[in-house]
Each structure stands twice: as C-alpha cells, then as structure tokens.
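Taking the hints into account, I'd like the entire structure generated from these sequences.
Sequence lines, in order, name chains R and A. Last residue of the first sequence: 327 (the working numbering), numbering continuous. Last residue of the second sequence: 707 (the working numbering), numbering continuous.
Since no wrong hints were added, every one of them can be taken at face value.
In silico DSBU-like pairs for lysine-lysine, Cα to Cα no more than 30 Å straight-line:
{"hint": "1", "chain 1": "R", "residue 1": "K65", "chain 2": "R", "residue 2": "K86"}
{"hint": "2", "chain 1": "A", "residue 1": "K575", "chain 2": "R", "residue 2": "K324"}
{"hint": "3", "chain 1": "R", "residue 1": "K84", "chain 2": "A", "residue 2": "K584"}
{"hint": "4", "chain 1": "R", "residue 1": "K297", "chain 2": "A", "residue 2": "K704"}
{"hint": "5", "chain 1": "R", "residue 1": "K65", "chain 2": "R", "residue 2": "K13"}
{"hint": "6", "chain 1": "A", "residue 1": "K551", "chain 2": "A", "residue 2": "K541"}
{"hint": "7", "chain 1": "R", "residue 1": "K155", "chain 2": "A", "residue 2": "K134"}
{"hint": "8", "chain 1": "R", "residue 1": "K47", "chain 2": "A", "residue 2": "K55"}
{"hint": "9", "chain 1": "R", "residue 1": "K23", "chain 2": "R", "residue 2": "K155"}
{"hint": "10", "chain 1": "R", "residue 1": "K310", "chain 2": "A", "residue 2": "K584"}
{"hint": "11", "chain 1": "R", "residue 1": "K324", "chain 2": "R", "residue 2": "K65"}
{"hint": "12", "chain 1": "A", "residue 1": "K93", "chain 2": "A", "residue 2": "K59"}
{"hint": "13", "chain 1": "A", "residue 1": "K125", "chain 2": "R", "residue 2": "K155"}
{"hint": "14", "chain 1": "A", "residue 1": "K704", "chain 2": "R", "residue 2": "K300"}
{"hint": "15", "chain 1": "R", "residue 1": "K297", "chain 2": "A", "residue 2": "K693"}
{"hint": "16", "chain 1": "A", "residue 1": "K142", "chain 2": "A", "residue 2": "K159"}
{"hint": "17", "chain 1": "R", "residue 1": "K84", "chain 2": "R", "residue 2": "K279"}
{"hint": "18", "chain 1": "A", "residue 1": "K693", "chain 2": "A", "residue 2": "K396"}
{"hint": "19", "chain 1": "R", "residue 1": "K47", "chain 2": "A", "residue 2": "K120"}
{"hint": "20", "chain 1": "A", "residue 1": "K693", "chain 2": "R", "residue 2": "K300"}
{"hint": "21", "chain 1": "A", "residue 1": "K551", "chain 2": "A", "residue 2": "K444"}
{"hint": "22", "chain 1": "A", "residue 1": "K151", "chain 2": "A", "residue 2": "K382"}
{"hint": "23", "chain 1": "A", "residue 1": "K120", "chain 2": "R", "residue 2": "K23"}
{"hint": "24", "chain 1": "R", "residue 1": "K324", "chain 2": "A", "residue 2": "K584"}
{"hint": "25", "chain 1": "A", "residue 1": "K587", "chain 2": "R", "residue 2": "K326"}
Derived from the structure by calculation, the hints contain no laboratory data.
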Amino acid sequence: MINFQYLRTTTAKSAIALLGKDKNAKFLAGGTNLIDLMKRGVTAPEKLIDINHVPLKQIRQIGNKIHIGALASNTAVADHPLIKEKLPLLSRALQAGASAQLRNVATVGGNMMQRTRCGYFYDIEMPCNKRQPGTGCGAMEGFNRMHAIFGTSEKCIAVHPSDMCVALIALDAEVILANAKGERKLSFKDFHRLAGDTPQLDNNLKADEMIIGLEIPTNNLAKNYHYLKVRDRASYAFALVSVAAAFEIVNNKITDVRLAMGGVAHKPWRLTASEIFLKGKEASLTNFEQAAQLAMKDAKSFGGNDFKLKLAPNTIIEALNLAKSKA
Amino acid sequence: MEKNMLKDENDRVDGFLKVTGKAKYFAEYDLPGLTYGVLVTSTITKGKITTLETKAAEKAPGVVAVISHLNKPPAAAYEQEGGPQMKIFYTDKIFYNGQPIAIVVANTFERATYAASLVKATYAKETFNTDFEKALKDPKAKKLQGQADYKRGEENAYKTAEVKLEERYFLPIETHNPMELHGIIADWRPNNQLTVYAKTQGVKATQGTIANVFKIPMENIQVNSEFVGGGFGMALRTWPLEIATIMASKHIGKPVKLVVTRMQMFTMVGNRPAAIQTIGLGANKDGKLTGITHRAYGETSAYENFTEGVVNMAKFMYQCDNVNTSYVIVPVDLGVPIWMRGPGEATGAFALESAIDEMAHALDMDPLEFRIKNDPETDQQKNKPFSSKNIKEAYKMGAEKIGWRNRKNKPGSIVEGPWQTGYGVSVGVFNANRGKASVKGILKADGSLLLQSATSDIGPGTGTGMTLIASKLMGIPVDKITFELGDSSLPPAPSQGGSATLSTVGSAVNDVCVALKSTIAELAANSNMDATSNFVDVLKKNNLPQIEITKESQGGKERDNYSMYSFSIHFVQVKVNNLTGVVKISKIVSVGDSGTIVSPKTARSQMVGGAVGGIGMALTEESIIDHRYGRYINNNFADYHVPVNADVPEIDVNFINKPDPYINPMGAKGMGEIALIGFSAAVANAVFNATGKRIRTLPITPDKILA
Ligand SMILES: Cc1cc2nc3c(=O)[nH]c(=O)nc-3n(C[C@H](O)[C@H](O)[C@H](O)COP(=O)(O)OP(=O)(O)OC[C@H]3O[C@@H](n4cnc5c(N)ncnc54)[C@H](O)[C@@H]3O)c2cc1C
Ligand code: SF4
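Laid out in structure tokens, this is it:
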C-alpha cells in the first residue's frame, strides 16, 4: 500500500510546524480535490495534515475589510449574511461552483489551491507537463475544448477551474499567508501564476506556507453585479467561460467597475483594459461591446477551444447587461 | 397512519425498500471469506502483451492471487478453438485501450487496488484507429453490412423529387453510466456449484452464458439479481470482467467480489456506438413524401460485431412508396458497443425526425401538419394493418398541452433580449414485442398470492406492474400480492430488454391468474359453493393450504396478421441564448401511445426517465476519446455530463391509454424505449425553430450554437 502519515492539528501554528519544508506533506482541508488526485495516482503525499479543526472559519468585517478564514466552507461563505449583503458577487460565484454537497465541505483555501481539471493531468498514462514536467502537453494538440485562450505557454494551456477565485480577483482581495516566521499579504492577482516554463506550479504559495485567510475591501458594487457562468449543463459543470462583472453608477456614469473571467487562463483573468475603458463612461450596450472587444486582445485558441474567442466577449457583454439590469 | 395516508395502490411495491436503503444490490452482499478482485487494464490500444510482471503484486500484503493469460484458469469453452476473439485470459492480444488483462484478488479492496497498480505489462504495439469517422473515410478500412439493404419502389427517389434534401447527421459515443457500477460476486464451490450475485438484465441469460463458458450444467449455477441500480442495456450480456471474476473464484476456491470503477464503466460494459447517417427526403409541393433514403454507418469493435436497428423506422413510419435503407458497421479499436436505451432506433430517429422537420421547413409547412399528412394507414413495409395506432390523437393532445399554436413557423420569431424561443416535435416508435415466459402462482388460504418468475427489474418497476395486473384480475389487494424476480431458479423468463417485459411476463401473470380463478371456480362448484365465493373460503372448505399453478405464455398468430408498434410523441419548448449559446429546455410534453397503461405511476416514471435520457442525448452526453492514444478523456461524472435537475423542466406526461386489441391479454405495449426514441430530434427541431440554426451533430452544446 502507499502509506501516508495522517496528522490532525488544531492550531495554524502547529499545522505550519508539521508542514516544515516537507515537499511531501500536504494540508487536508475538505479533501474534495486532494483525495481524488490521490486516488488517481496524480499525487501521493507522505504526510497529510488535517487542518479541518484549525479555527480559521470566521467571516467578519473589521473596519472597511471583510475577513474570511481559509477553512470557512464554500457554503458558509456563500450563505453568510455579510457576504450576501456586501459581496454578493462572491456569493453568486461560489454558488455557481460544483454541487451543494461539494460546497458544504470544500474550503476557501482548498478552492484557491484546486488543480486544473485538464483530462490529461488526471490520467497518469497520458503526457502532461503539469503532472510530470518534460512529458509534453497532451492537450495542446488533443482535446482542448475546455482550455485557455489567454496567457498560455508552449508547455501548458490548462485553466484554473475555480469560480470563487474569479470573483475574488475582481474584488481586489488579498491573501494572508503564514509560515513559521510570520504572516505576509499577497494581492489576489499575484497568488496564481501563468504556466510559463513551470506549469507544475499553479501559484506562489511557498512550500512552508499556509493560507490563513482573505481580506476583501468593502465596496459599492453590491447593486450592479453579476456572475455569469456558461457551461455544458445547467449546474455541476466547470465553466467554458465565466465572467464576474460589477460596477457602480453615479450620475449615469460608471465610477467603479470590475471585470474578471474564468475558464480562459491558467489563473483567474482580470480584464484591466476593459475596466479602464468603461470607467467614466455610460453603462451602454455599445460601451459594453467595446469593452468586450478590448478584453480579447492577445487571445489565442488551439482548435477545440476556438469557440471561446466568440463566447468570451459575448459572455462579457451578457454579464454586463445582466449587472446593469439588476438596478 | 401517516404511512397509509401516503400510500396509493399504484405505488412501487419496492419503493419503501429502495428509499430506506433496504433494497440489497449485488455489491452489498457479504459472504464468509469474501475476497476482492481488481482489474488491471491495458494502457495501449492494439498489439500484444510481451511480458507481464506479477511478482510484486503477488507479494503485496493480502494478495491471494494474480490471474492472467499466464496462468489461464480453467474455462472449458475458452480452451477450444473458435468462439469469441476476446477470450479473457486466453489471449495475449490487446484489442482496445482499457481492456482487462489481469485480475488481482486480495483480502481487502484497497489491497487489491494497490497490488493491481504493481502489475506491469510490456507490449508489442501495433498501429490502431479509434476514430470512426476516419475509418469511414478510409477506403482500405473494413466495413461490414449491418443489416440487409431494404428497397421499396424506386431507389433514391428523393433525388428527382420536386422538393428534396439530403443531410448528414452525427451522433457521438454515449456511455450508459447508470448510477450503480457494474460487477459481480462469484462463489465457486466444490463439485462445480456456483452462486453469483450479479448486476444483470437477465438472470437466465447470465446463467446460460456462464454454463457455456465453463461447461457446467445450468442447474449448478444460481444467479441472484433482485435489485439493479439502472441498466439501460449495459447489463444485457455477461461481460469478460464477470467471467474473469468467476475464473478467479474457481481458481482460489473462495468467493470473489468485483466492482469496476467509474472509469472502467467507459471501457468494459459497452456504449451507444457513434453513428453517421445521411437522410435523403423527397416530397411533392403539396407536402406528400415521395422518397426516403436512410443510410447509416455505425461504430463497432474490431473483435466483435455489433448491430442495431438504426434504419428500421424509415421503412414504415411515413406513407411513402419509395424507400431504401442501408446500414453498415465500421470496426474501430474500441470496446464492443451494446444497446443503450432506445438503442439504434433512437440513433435513427434523431436523423429521420430532424430531416422530416427540415423537409417541413423547406415546404414552408407546419412540421406537425406535415407529419399528419404523411401518416400511413397501414404498415407499408410489412404490408399489414397496425394492431393499434392513435398517433393523430396523440399529436393533437400534445400540441394542445405545449401550446403549439404559439409557435411561429418562421424560425427566430420569438425573441426576448438574447433569448429566442422555439418549439419542436418528433415521433418515437419501437417494436411492441411479446416473448415467451413462465410464471408460477401460489394462491394461499391466508388470502395472499405469491407470483414468481426469473425476470428482472432494472428500474422500470416490473414487480409493481405485475402486481397490478394480478390484483385487477384476482380482486386481491396489492399488499397481499408478492412478485418475486431476479432469481434464476424461478420459472424462466427472457432478459429485460426491448421494452418487452410487461407484455411478455405480464401475459404469463394474466394466464396464471386466469387459471387460478378457474381452479377456484371448479373447487367451489365441486364443494357446492357459490361460484362467486371468496378463494379463501373455497380453499378452507377444501382443506387446502394453497394451490399452485405454473403457466408458460406466448403470443400466437396475431403477429402474422398485424404490425405492432408502440409510439410516442415528444413536444419541447426551448429557449436559446444567442450570446452564450446556452440551450434551456423550458417545457416538455410527452404523449405515449402504448396500449393500456397497466401501472400509471411507473409508466409515468418511464416517460420522465426517457425524457431525461433524451435531454442528455440532445444536449450534454458525449464520450470523448483522444484518438492519438485511444483513451477516453472525460471518463468520470464531472466531465461526462448526464443531465442534472437544473437541466430538466417539468415533464408533462400523457397517455392515450387505449388497449391494443391483439398484442396480449392486457392490451398493453412496452414503453421503455419509446420514452427516449425521437426525443433528441424534438430538441434539435426546437432549437432550429428558435434560432434558424440546424444542428446535426449531437450533443447541442453552446459552442455549436455559436458556430
Ligand atoms: C465533481 C467536482 C466538480 C467541481 N466543480 C467545481 C466548479 O464548478 N467550480 C469550482 O470552482 N470548483 C469546482 N470543484 C472544485 C472544488 O471547488 C474544490 O475541489 C474545492 O474547493 C477544494 O477545496 P477542499 O477544501 O476540498 O480542498 P482539498 O481537496 O482539501 O485541498 C486542495 C488543495 O489545497 C491545499 N490546501 C487546502 N487548504 C489549504 C490551506 N489553508 N493552505 C494551504 N494549502 C491548502 C491542499 O493541501 C490541497 O493541495 C469541483 C470539484 C469536484 C470534485
Ligand atoms: S494543458 Fe497543462 S495540464 Fe493539460 S496536458 Fe497540457 S500540460 Fe498537462
């Protein structure tokens, strides 16, 4: 049998201590991704550190920031009155993910850390640079309908599958990370990485670090917002393309706007150029269409995912339309 | 009290057991000394095993045996020449990727799983092809006739018609994916006595196959399969993995349980084969069909042929003097397919019923009107009258319920923001079968009736239907009737497939009940009792604890005189988002024309399940293979999309409920297949009506709408 050590701890400090710098150790949160990967032989940690009893589940507002613990469940966050009132975009994005049963155990930290759903990554008989660097990318000339159109590399064209993270990048979240020496803060946009030459790395979490939680600044985006997820069935499917859209309108002009996409890149994809374009303009269909066009600069497809070049801008427009009609 | 208030005589007889977890499925049996089997599968697609390293596995903790072609455990039929090409563990040939090449048996499932990962094979690889479309185009690739060509009148008459069309339709591989995984428990005892707990649609068929492979008498084999967690056709045969498990049990002298993984469900228990079809239709300007040509190509495996009724419907569904069909199967290096609900007829109906809609559009006619105009009075293929057919009534009923009058004949006419609404209709049809079955009836002085037959229930509610038939005939309340099935020692019945169980076994139930009643009447007369006396009194008066009658029942000459089919009409309303390409089915109305409805609740469930399967076929289901490797990409429930609740709107199920005067004593025709056949075309037709886009490749995913 592939044996592993199972350790359970009740404090972040001891969890970090147990982790040490051990590359073969892994935190176990909801287990909805990690256990699957272990069953498929994609990963085989020698040490599993169960962090479910670490008290990092709080969701609260301190000053003008909303704090969410890394071990709060996806359901707890989505259903929390504070989140529903102040960050409804995040709530909607979470609800669009997975199934109710999965969301009940999946955690914020685990969601950020979930691996790609690329089929080649999961099948250990197939080539995959992310699973086994140097073996080649099975998807590049294979089945790549679900794959990236932005920021791709020669080595890997996988997408990050999370819905939650699309909302978080749009909301300017910050990630609190800790190691034995202390805590550091990382802007959410810098948490996930592009594949580049190191497709095996999904993010910038260091080997000795733990995700402690998130801080999200309050905003005025709770009125005009929408999370639109386009998928192959109405629920319980990963995004072909998803868009988080939110804006604030004062005197008919957009004063603040956030746009991010999922299902299109190795990381949640913030549409900065489109945001800059929309700021100060009217929330009109023409402007939405132009913003969508701007977002598509440098997009590149690989055959199976050619349709995303059309679907992505369309979804941006539709999400903005729906956000506008919320008023 | 509460339980009784909820109870209804039409309830599923096993409903309570199922929802309380008391119904026991094959994998839930535990036997003394039970061991666990896990399969090792090939990682190449075609070639030969050159070496198989099993030592590490054999030495792993808990391992009892590793069985493969190296130690060929005895299976008498496989030792002989001939027979199937893929004789498990009697060949070193690899026919497809994921083929079982060894079984590891250990004292726990986890240990067997781990040890299986230690078995290493090396191969001599050969070039292969898993791409059916490529094989079809390749003039050198093998092609076989799947069914005799059919011709009535002039061949390809559509080509010279006033209005004509010729279109090509593509259906990908679909995988049955019932919730319950496949497998078996085999317990081989000394003196060649074998008991199996199986997942099967036919306990007698399983018994027969095992007897053939191991050359032991049928009587030595006991097959149990009381509950089945969905079959959809994949449990209509005994698969190599089951033979492997029996071999293992025989080899080690202990019971072995094998349950495959979800991934293995894609490679070991068949699939709905991919199909490419062309339909040519010709009509005159008044909307009368003058020519139908249906040519179909179906995927099959390289080691075993599989055929189904893809082109059947074209031969009789519409009034047309010139019809020709052909059906060719094309081998590829994949596991052999098997019937999947609606089987080939569902594949064929997608093409034919789409083309009929296309023709109506070309003629600028309402597709419903076009169908009615071309509805035949008699079966032109068999040259016989239909035993019963109420299609026009069904069209009317469904049209009324879906609000067909709101449909606009011009596509893309109903628009609300990015959402376009459309309506579609299609027909499903399937042979109304009746086979031969035996049922034993035991009528007891305690007022109860026990019925027994070696039939199966893969979900439709066989026991419920049979109980209702008996209850009605005997005047005995349903809770006093027990119907036993799923046991090979009971009186024989055919496998549950082809929508024939209610007709076949139900007729035998009918005959047994009739015989029991006449015996009671005789006994009453002999003991000077009133002819209407209660059977309990009659039995008591005669000092009989019970009477027992077994009847074999089958149809007579009626089939020579009539053409017998079940029909269904599917109406759907869809909403299509022209920005995101999302298709939402917003309303479904199904009308079944399948004779008397014997069991209203389970009949409704059949239609609902068929519609859900139809949504899958139309919108979401597709088994994807990377043809460079011959391996499935989406072999799990996250990536192979069966419809979820959110995809399924309210389904309005209706029945004509008029007895068929000829088919059987109940006047009831089967409906498992018609619930699905044709459904996908109704969706494609509705999408066309909504958007003006004709999608001829299933499933209709957002990318195809945007293309
Ligand atoms: C069938 C299916 C469908 C799904 N569909 C969707 C979907 O549509 N959208 C979507 O967004 N997601 C979807 N998911 C993914 C789901 O959201 C993730 O599996 C889940 O969020 C992971 O959280 P977890 O707590 O279970 O993580 P685990 O599986 O416990 O952990 C995942 C990884 O995160 C690491 N980790 C966990 N917590 C921490 C921490 N505090 N610090 C550092 N590392 C940590 C673990 O070591 C591990 O490597 C789906 C999953 C499944 C199985
Ligand atoms: S896209 Fe990335 S994850 Fe997928 S096969 Fe290529 S390298 Fe592996």
